[in-house]
Structures are given as structure tokens and as C-alpha cells.
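Student: Protein chains in written order, with our numbering: chain A, 1 to 473; chain B, 1001 to 1362.
No lab work stands behind these hints: they were computed from the structure.
Pair by pair, the computed Cβ-Cβ distance ranges are:
hint: 1; chain 1: A; residue 1: Met183; chain 2: B; residue 2: Lys1181; range: 46 to 56 Å
hint: 2; chain 1: B; residue 1: Trp1146; chain 2: A; residue 2: Gly433; range: 34 to 44 Å
hint: 3; chain 1: A; residue 1: Gly444; chain 2: B; residue 2: Ser1228; range: 52 to 62 Å
hint: 4; chain 1: A; residue 1: Ser128; chain 2: B; residue 2: Thr1006; range: 30 to 40 Å
hint: 5; chain 1: B; residue 1: Pro1171; chain 2: A; residue 2: Met1; range: 36 to 46 Å
hint: 6; chain 1: B; residue 1: Arg1256; chain 2: A; residue 2: Gly433; range: 55 to 65 Å
hint: 7; chain 1: B; residue 1: Lys1170; chain 2: A; residue 2: Gly433; range: 30 to 40 Å
Derived, one-sided and incomplete: chain B residues facing chain A with beta-carbon distance under 10 Å:
hint: 8; residue: Ala1169
hint: 9; residue: Pro1173
hint: 10; residue: Ala1198
hint: 11; residue: Thr1307
Built from N, CA and C at the ideal position, the CB exists for glycine as well.
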Amino acid sequence: MTRTIVGPFNRVEGDLEVALEIEDGIIARAEVSTTLYRGFEQILVGRPGLDALVIAPRICGICSVSQSLATAQALRAAMGIEPAPNGALSAKIVHAVENMADHLSHFYLFFMPDFARADYEGRAWFASVQPRFKAVEGKAMGPMLQSRAQLMQVMGLLAGKWPHSLAFQPGGTTQSVDLGGRMRLSSLLAGFRGFLESTLFGVELETILALSSRQQLEAFVEGPGAGGDFAGFVRAALDVGLDRMGGFKGPCLSYGAYDGLFPAGLSDGAFALESITEDVSHAWLAGEPQSPALGETRPDAYKPGGYSWAKAPRLEGRAVEVGALARQVIARDPLISDLVATAHGSTVFARIVARVLELAKVQVAAEQWVEQFQLKHSFCLPSPPLDDGVGHGLVEAARGALGHWLTVKAGKIQRYQIIAPTTWNFSPRDQSGQPGPLEQALAGLEVGAAGAKSPLVQHVVRSFDPCMVCTAH
Amino acid sequence: MAAIETFYDVIRRQGISRRSFTKFCSLTAASLGLGAAGASKMAHALETKPRVPVIWMHGLECTCCSESFIRSAHPLVKDVVLSMISLDYDDTIMAAAGHQAEEILAETKAKYKGQYILAVEGNPPLNEDGMFCIDGGKPFVEKLKWMAEDASAIIAWGACASWGCVQAAKPNPTQATPIDKVIRNKPIIKVPGCPPIAEVMTGVVTFITTFGRLPDLDRQGRPKMFYSQRIHDKCYRRPHFDAGQFVEHWDDESARKGYCLYKMGCKGPTTYNACSTVRWNGGVSFPIQSGHGCIGCSEEGFWDKGTFYDRLTNIKQFGVEKNADEVGGTAATVVGAAVAAHAAVSAVKRVTEGKSSETKND
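If we strip away everything but chain B, and leave its shape as in the complex, we get (with noise of 0.2 Å):
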């Protein structure tokens, strides 16, 4: 692997048109949101910088993130993220076994020190020094370790790597420790959802290798071209919400209808993910298009937060006095000052806590 060459080349050896190209530069930039001028950036990088290489490693996990990944639904993402960013390692789907794996990570973390980008999907967990992912002979945490020692960045795909997930669930058996309570000294993207969306995690792998750097961060950590917008906001059942139209039982005819599911606990009101937006399986749907609630897999902590049936308590979407159960039953008649109300309130939060999970993301 020549170190001056570019993505360009290597896919222009493996078959792909310009064309074809050409049409993957504007889609990835228009999903990033970088607009028409984004594009041709994007094509200047990719045929002019050498390509960075990036090594994807599991820990404590379920395989989801890579699952997810490799489903996405661009023509091009098999070449194009697959093999031709250079995968350079990846447990799951790569040739190399045992020890002949492990001497491609040596061999990447000297000869690309301070350049690749170490993409982890899962956590190390930390009871019984390790003993519950061992790696090679050695617990996972030191192999984490001592690869994020030469990486540029470290790209924590899902909710394991981000925040822990439900194997951090109480009590925790293996203690699954999120990546940034690990490794403190790198620069850190939290790619969280359980698993992320495809194309999510396809542009950001795009957006780093293209332009050699992290797309913007919120406080959290995250992508915010991806993680700005929270689920309800961007909600195609919203003005139901809005109306107090609720389902009350799995497929009745509020279901059939496409009515809110907050009262079936859908966490959309407290959740920044693309799902509403992007959506799922090639755009098809997501899971409030399915009928069922969001669980809010993609923020901090949502696997112990009282159960997921459950609705939203820490939201007061109709004013002071009224909760879901009295607004629906009048729905017709306060349907404007529903949503006036809501505003107002959804105003008044975002001045007043500053830190509450509605503006967390501000």
C-alpha cells in the first residue's frame, strides 16, 4: 500500500466510473448537508489526499453497529467504505486470522502513527481485570489501549462505545465502561444508536477520511449534522401530538391512523437522532413509522430509565394543568391552545434549563 495513494485511485483500479464518482461526492455531501460547493470539495480531497486508513475494532458488543454498517443503502457504500477507505482491520469481515491479525494492527499503528483512525465498535468492560472480553489472549481493554495510542481520532460507534449500552445495564456485571472514561487523550466522535443508521455511519467515515478532520461536535461529543434534531421535533405524527390524538393500545384505530404513540412511551420527546429524518432500512421507515414508540436508543443511559412502555413524565407538553389523558378526551376543542401551550412551554424551557435534556443540544 503506497502511502501517496488516494481514494481516487484506489477506486479507479477496483472498476468505478467517474461518473459513479462524481454522483457518490454530491449524495455523501448533500447527506452531510455541505450543499453543491461540498461536493466538488469533497471530489478535490478524495482524488488529491492519500487515503487515511482505519481499523475497526469490537469489544464487549453484539455486532449490530457493523450490521447496520454494512446494510447501508448507498450503490456505492460496499466499494466506497467497505474496501476502498481501506478497512484496514475488522474483525468481523476481513481474510486475516490469529496472530496474522494482530500483526496487521502492529503493523498499521507504526507505520501510520498519529494518522489512522481507530473505529471501535463496543466497550471494554473493566470487572475481574478484563476477564470478560478477552481478545487474543489479552483482555480487550489493553488491546483499546494500546491502539488508540498512535490514532488520529477514535470513531466510538453505537451506544456501547458512546454511553454503555444495556450491557451497562443495572447492575453492570462486567462493569462495560463507554470509551471516553478509557481513553482521555484523543479526540473522541460518539456515533451513539442501538445500532446507528447506515448512512449515518457511512458519512461520518466519509466526512473524516475526506476532509482529514472531525465534522462539528455538540457538547456531548456528537456529530451535529446528524444529532442536532430531536426525534419529535422532526416527527412525521407530531401534529397528532400537537392535536392530542393518541394511540392507546397496539394497532387499534388511533394505531391505523397514524396518531401519536406517547402515550406508549415513545421517547421521541427526548431523544436527538436522525431516525425521523434519514430513517431506516433504505429510508423505508423507522420505528415510530412501525407503530411502536421510540426507546431513545441513541441518548445517554435510556436502558435504565424506568421501563420503556412507560410514558414520558418529565415532559409538560399542555401547560401546567392538563396531562395526555384529559387533552385527548377534548382534543377538538383545545387543539390551538394545545399547541400554543406547548410552544410557550417548550420556550420557557429552553431559558430555564439550560441543562435539561430538551436544549442539551442547543
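Just chain A, same shape as in the assembly (with noise of 0.2 Å):
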């Protein structure tokens, strides 16, 4: 039995380290450790709620949309309104560009540079995705980050700018959008669309969007999507056996997104929010476990049995996986279906395709969006002072089910707490001692002589696109 651990990790945003135990070339047990904590829960306390607008989304640079629109509901929950249509659509198409944004720097920036590492040298497809996705240096990345420039400039349009952009309210956006605007935000998604038929699938998004088994799947990438980066991904990916590994078999957890197009669900069951706490046992995080609701965030730095900064927020009492391929799945996508059916559960393979099919998904969707702007209505409607109120806000980010617990007293935060979609994927150990998702699916992996510099614990790892900065925030 050897203990490695492996990180600091590159290629994640945010400090991660993963200690792992392996017997006989196989991997007996899995620490994931949350390195970083800043402590936005406590900061945010005793401040006006609007305050938290500003404050919230910067946890994170990279989903700080989904932070916004979460602190937004929260309050808007809290002062009992609704939004201006107007602005929850320009909210929606918004988060909509950071999620697919998100979706394509993992897959080009943090995920297929590890099929160019050395160890795979020699391997059919080697010669085709080495020159491509080489870290840094890669051919790909350069239209890549031209393109998902481009499609930001909808960032700039709809919120003045991005990431932490300050146009999100309660009452709905404080920018509103003329014809103009509306006749570039097309034009915007058009080009976008051009770079993903182009140079990620090869083909028209119509033809992802139609495949709804593994077997066509396949035919797919030895036929007409042949040419694209995502083809390259499925060749690689079969051929290291991604599709039998990294696999959790909990229930997945989506709080549903974009008004309905993905629905909110657990993968096992009916779910209510109730039943999700949060454990601090093995945190270096004082306390006992709590709904968010009522939660508290008292570091303890050096705390007994503590290796994360991470809480364990568990539904029910279990561990779930949250992500693309968990809305996915609650969406009950025909390919996804097929693909977790046959592997019994999520695998390295299937969370990268659900995120690359919702780039087609919210594309084609997004453009419709569009073309809904009642440009004379109002986008933001006036909200009331927020004196008491206690509300939450639950959004689907890039990388799963986020949800900001707020509470008001008296015109000041009372308490606030955040559970980041990382924090459920890697969540540490819980009292019972149930490990949590990613700590489960790195157990078993068989990392033969390599150990922990096998390219597999990697491709394990980054399959969740993990957000270390969300993950204790």
C-alpha cells in the first residue's frame, strides 16, 4: 500500500490536491482536498442584502453569472417579487453564453490536453489530437478562445461586462436591449454556431442533437462527424476505456435550468430541498451537521480528521453527483440515457459528452431566446426595500446545481450560505463516513504500475470540471 498524494492540479481553477492509497496497482481509497477558503459566508454577513450582488458572485471568476443570478433570486425570493420577463430572459441567454463559454474551455482548455501527454504516444489517434490540444501550444486553442471571445461579446451587450458583471437584480437586468442590439446578439450566436459545426462536431448541431444511442454515436464519429475535435475526443476516449471508468453510482441532482428546457429532479426519487445538509466532520470547519438554510461556517484550521476546507452537503443523507450529465440524465437525453444504462452508472466518457451535447442543446436553444425580447416592456421592475425576508436562489451553473441560502434581518445579512456544484461533486468524507462523489469514483480506478501519475486519475478528476474556488469559497 503506498499514500501519494497528487497535486497541487493544474488545469482546474483553484487549488486541489487528491490523496490516494493504492494497493497492487489499484486504488483503495480517495482524500479529496479543498486547499483554499476565503470565507465569503462570513464576509457577507452584516452587510446591506443588495450587497451581496457584488460580493457573491465574486467566489468565482468563471460561473460568476450563475453566482449573480442565484444571489438575485435569493433576494428576489426574500422580497416576495417576480422579475421582468424582459429581464429574465436577457438573464437566461446570458447564463446560457457562460455555461457553453465554460463548456468549451474544459473540453479544449483543461480536459483533451491530457490525451497529448507523453504516456499515449504511440496510440492510433495520437498523431491527430497531439498537435491539436497540446497544452498551451496546441493548434485548437487559438480559434477556440477567438471564437469564445467572440460569443462573450453577449456578455458585454446584455451586462456591461464580464466575468462579475453588475446588471443582475432583483426586479430583472438594468440593461435593456434595442433592435440593434437584439440584430447583433443573432449575429453574435450565429458565429458562435459556425465555430461548433465547423471545428467542434463537423456537422450541422441538427445531427447531434439527433443521435440517441451509443451505437450511432460511434457510426457518427466514423462518418460524417469524422473530422471534428469532437470526434477526436470519442476515438481517444473509447480506446483508454474512459467509458468504464471513474464511474459513481449515487443518484444525480439537477435543479433544473433555463425555464424548463433541462427540468429540475433527482435521478432515484422525488426530491425536497429540505432533506439537503451540510456535514463539516471531516472539514477543518467547526460545528454540526445543518440545513444550509440554517448553517453556520466556523473555520477550525486545525481541527481533528479535518482534510478539506469542503463541507459534504448530502441530500437525504447520500452523496449525488451534479453536472451536465446529471441534467442530462433528469432530462432523460436519449444518448445519455444509453450511455450511463450501459456503463451502470456516470463515467468519465459520459460526463464530457453531456457537456459537449448541451453546447448543441442551449445553442439551438439560446437562438430562439433571442427573438423573445418584448423590446418596449420594461427589463427591470422597482423591488422593495428588503428589511426581513429569508428566500433562497437555486440555478444550474456549468457545472451543476448551485444554491445561495439567504437570510435578512433588519436590513442586514443575517446569514448566508453557498453550495457550489463542486461541493457536492467533492465533497470530503461525511460522519457516517461515506466518501463523496469524486473520492467514489476515483476508488477502484486501476492506475496499474503508473500509481498516481497515471494519465487516469486525470482524466477521473477533470471529468467533473471541478471549481475549487466554489468549492469552500
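Using the hints, build the complex out of the two chains.
Tutor: Below, the structure written as C-alpha cells:
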């Protein structure tokens, strides 16, 4: 038995360490450690409710819109108001763009470069994948970053700036859209579709959306889609066996996204928000398991038995997986359902396919949304002063279910608790000893003689698209 | 990596044309305010000087600076800055991981002793002996000090590295501390903002790596070329401020007309940054253009100056007797007077309050 610490991890956002116990080339036990903590939940207390709109999104520079929307939703609930439909629509488009940009950078900058490692030299696909995806130098990076930057002009048009946009308010968005703005939005989205079709997929998006089984997917990558970067991924991933690795057998959770485009739910039953608790038994935090609506955050840097700054969220006491895969499982997407059914659970492969598939789904939907603005109507309704109130905001960030829980008393924030997607996926053990989803996904992984240096470890970790700054915040 | 390799050698090897290179030089020179002569100086330097290694480290942060950076609108930035100016080490995008990554740091530190630029995103937390940000088994503050020892200069990216940012907001649970409070014996250039504008970041990196020195800095250590302008003075809504025309509610009639956001809490009058000229996301917009006030995210302590939605009370724009409410109601008749009063008050303030926010950059 050897114990190795893998980390610091690169090409993830923030700091991550994973301690692995390896026995006869198989991972026996994994401990996932979030090593960065800033104390947002402490900092927010005592401030005026609306100031959360500025402070809370700064938890994360990558999914700041998701954070902003969760804050605005929580404030809205506490105020008892509804947003202007135009504002909600505008926010939905910005959110979609952020999530798409995230999926794209995960695929090109974070996940694919692992296939360019020297470990894979000599594989049939290596000669075509390596020049495109080698970290920093790969030929695919430039055009991708440029298309992504162009798409993100949408953020400028609808939210002023990104990351850390300010336009999102409880009553809607401060930015209204005029006819010219709407045309620019359409043309920016059309440009992004061009990139997806020419470079990522090699076919029209509608062809991707029609894939409904693994068999069709395999035929696609050897047929019409053979020239796209997605096909490069599928070939490499299946050859390496990522369709059998990194599985998590527990349930999937989604809070639901884009007004029902992706529904809310739990993969194996009904889901009640009240059944969410956060456990700190293995975190460097003091306290007992508690609902986020009543939670607290008290650092205890030298707590015995602690190995992470992250809390362990549990649903009815169970670890759950969140993310694009969870969303598509709950949306009963035929292709993803087939991948999960054949593998008897989630896998590295299914997680990446779900993410890439969402790019096509969300792009097609967003093109429709742009047409729905009622240009002469308001984008932001007045909101009442917030003296006392309780509310929560639930959104689907690119990486999965994100929740903010807020209590305001006498005009000041009395409690603010956040459960980010990677808090779910990369949670440490709870008081019953139940490991978090990544810890479970790593256990049993056959790494062979390479041990912790096996690229398979990297694939499994990165398949969740971790965001470590969100995780402990 | 040969020691005499120049920037131009690298980009030629990557298949970038001479034409693109020249265009990059003139555009960058223009954005840095160097003029036409600057472009050829830049081209010459990039062709002849060895490229400067850049090490990019992340402390306690949210990665918004990196996100801003990789989204730069410049068509060549992905080639020029991401790979060619040699981002030899960057946690977020690099290939190496774990000990291999640490070895790159040690190698660069030894091989380019006194030559490399250390770019820092985020800052070190000092409470609990640095336990709030552990990187490679050690507190980030140790890694920072170790790499700073042999750096020629340090770039403090963003509000975190420059000032502390929201993670240093009261009660600052981790004692998040800006770089210049930890590293005191190296030239430090602060590029504040949460995040800084992409074009400002690439401009700063390009200037330093091209000319081998820091650009001119103001008294707070910020590059003058980007931080000498007050948002308020270059704001396209400024005429409405002077005319006493203000937005009262988000997206109200006045908002649709593009009136001034001062009453909605805009901090443009006390903020120095290039947002109102360079703008964001490819020059498309900036917060004020989106109908929301500026929060002053490039200013020291912006996070603890009272609520973001209260108007500034420390500027007297309409003379001693008037406030925005009174002037707004009778705007039509007092426009001229308000403009005159504003100019006069500004002039007096400049003379009398040498260290006020209005003049700190002079």
C-alpha cells in the first residue's frame, strides 16, 4: 500500500489535492482536499442585502453569472417579487452563454490536453490529437479562444462586462435591449454556431441532437462527424477506456435550468430541498450537520480528522453527483441515458459527452430566446427595500447545481450559505464515513504501475470540471 | 529553450506572418499610447531581445483575472501572449501537474535568475500560518516569497493582488494580504480591477516583455497609461451628470435615455480605470453602459466603503448649497450654472486637497 498526494492540480480553477492509497495498482482510497478558503459566508454577514449582488459573485471568476443569478433569485424570494420577463430572458441568455463558454474551455483547455501526454504516444489517434490539444501550444486553442471571446461579446451587450457583471438585479436586468442590440445578439450566436459546426462537431448541430444511442454516436464519429474535435475525443476516450472509468453509482441531482429546458429532479426519486444538509465532520470547520438555510461557517484550521475546507453536502444523507451529466440524465436525453445504462452509472466518457451535447442543445435554444424580447417593455421592475426576509436561489451553473440561502434581518444579512456544484462533487467524507462522489469515482480505478502518475487519475478528476474556488468559497 | 531566442523567432516558428506581427506591434503601440514611432521600436525590440519568461501564480483568488486575460479581443493575443511571450508556468492552463510543475518553477528560478517576471493573481492569506491557501503542501505565501526572490519585477494582477479585494473585506477571515505588504524589495506593478480589463493586462505584459522595464507608474504603483483617467471624466453619460439628469430606478425612462447613474450609487467620480475608454468584452460595453453604476473595483478598499448602491457623499458636484435632488428637479434652468460650479469646485478641490481621491493620480 502506498499513499501519494496528487497535486497541486493544474488546469483546474483553484487549488486541489487528492491523496491516494494504492494497492497492487488499484486505488483503494481517495481523499479529496480543497485547500483554498476565503470566508465569503463570514464576509457577507452584517452587510446590506443588496450588497450580496456585488460580493457573492466574486466567489468565482468563471461562473460569476450563475452566482449573480442565484443571489438575485434569493433576494427576489426574500422580497417576494417577480422579475420583469425581459430581464429574466436577458439573464437566461447571458447564463447560457457563460455555461457554453465554460463547457468549451473545459473541453479544449482542461480536458483534451491530457490526451496529448507522452503516455499516449503511439496510440492510433495520438498523431491527430496531440498537435491540436497540447497544453498552451495546441493548434486548436487559438481559434477556440477567439470564437469564445466573440461569443462573450454577448456579456458586454447584455451585462456590461464579464466576469463579475453587475446588471443582474432582483427586478430583472439594468440593461435594456433595442432592435440593434437584438440583431447583434443573433449575429454573435450565429458566429458561435459556425465554430461549433465547423470545428467541434464537423456537422450541423441538428445532426448531433438527433443522436440517440451509443451505437449511433460511434457510427457518427467514423462517418459524418469524423473531422470534428468531438470525434477526436470519442476515439481517444473509447480507446483508453474512459467509458468504463470514474463511475459514481449514487443519484444525480439537477435544480433545473433555462425555464424547464432542462428539468429539475433527482435521478432515483423525488427531491425535497429540505432534505439537503451540510456535514463538516471531515472539514476544517466547526459545527454539526445542518440545513444550509440554518447553516454556519466557522473555520477550525487544525481540527483533528479534517482534510478539506469543503463541507460535505448530502441529500437525505446521500452523496449525489451534479453537472451536465446529471442534467441530461434527469432530462432523459436518449443518448446520455443509453451511455449511463450501458455503463451502469456515470463515467468519465458520459460526463464529457453530456457537456459537449449541451453546447449544441443550449446554442439552438438560445437562438430562439433572442427573438423573444418585447423591446418596448421593461427589463427591470422596482424592488422594495429588504428589511426582513428569507429566500434561496437555485440555478444550474455549468458544473451543476448551485444554491444560495439567505436570511436578512433589520436590513442586514444575518446568514448567507452557498452550496456550489463542486462542493457536491468534491465533498469530503461525512460523519458516516461515506465518501464524496469524486472519492467514490476514484476508488477502484486501475492505475497499474504508473500509480498516482497515471493519466487516468487526471481524466477522472477533470471529468467533473472541478471549480475549487467555488467549492469552499 | 535557447537563451537567445527572441519573441519574433517564436512567432515565426508558429507560422505567424510578418504582416500579422507588424499589425500587432502597431495596434499594441497605439493602445499603450506610444504612437507610430513606438510601433517600430516595439518591432525592433521583439526581433532582437531575448524573450522574457513570465511565471503566473495563483494565490487566494477566483481566477477572474485569467478569465479576463484569455478573452482579450486582440486577434493575436492567444498566440502572442498565451504562448509566445512564454507563459512558462501557469496553474490554470499549463500541461504539467504536481511535482513536475514545481520543477518548472525551480528551473526557471535558477536559469533566469533576476530576469523573469512574476505575475501574481490573488494574494496570500496570513492567518493560521497561511493554512487558508495551501499550494503543493505549502502555504502559498512561502511559494510567493520563494519565487519573488529571483524575479526582476512582479505584476500584481487585479484587486486581490493589488489591494486585497472582497476576500479581504471585513472581517477578513483569512487575513488576505496584498502582494506589496509581503514582498517589499522588488518593483511591483499593480494592475487593479476585479478583474482588470483584458486589453489592459495584455498591454502591460507586452510593454514589460518588449522593453524589459516597467511602464511609468503613478504614486499607487499603477501603470499611468491605463489608470490616469477618472471613469467619470471619460464617461459618455457625463453630460447628463453636469445637466443634473439622473436615473432614479433601474430601467426607468431616464435610464432608457442614458442619464447619469450617480444617484444609483455610481462610483465613477472616485474611480481611476480605463473602462470608459477601452471598455469590456471586445470594446462592446462597460458597467455604466449596461445601466448599472461603477462599483469602483479598481480602487483600494472598494469593498468596505458602505453599500454599493448608496450615492457618493464625498463629492460636491453642484456647489455647497445644492445636492443632486434639488438640482435634478430644476435641471433645465441651472444647467449652465451647474457646469460652471462643478468646474470651479473641481479646481478648488485639486488645489486644496492634495491627497483626495480626485487628485491622487496627479
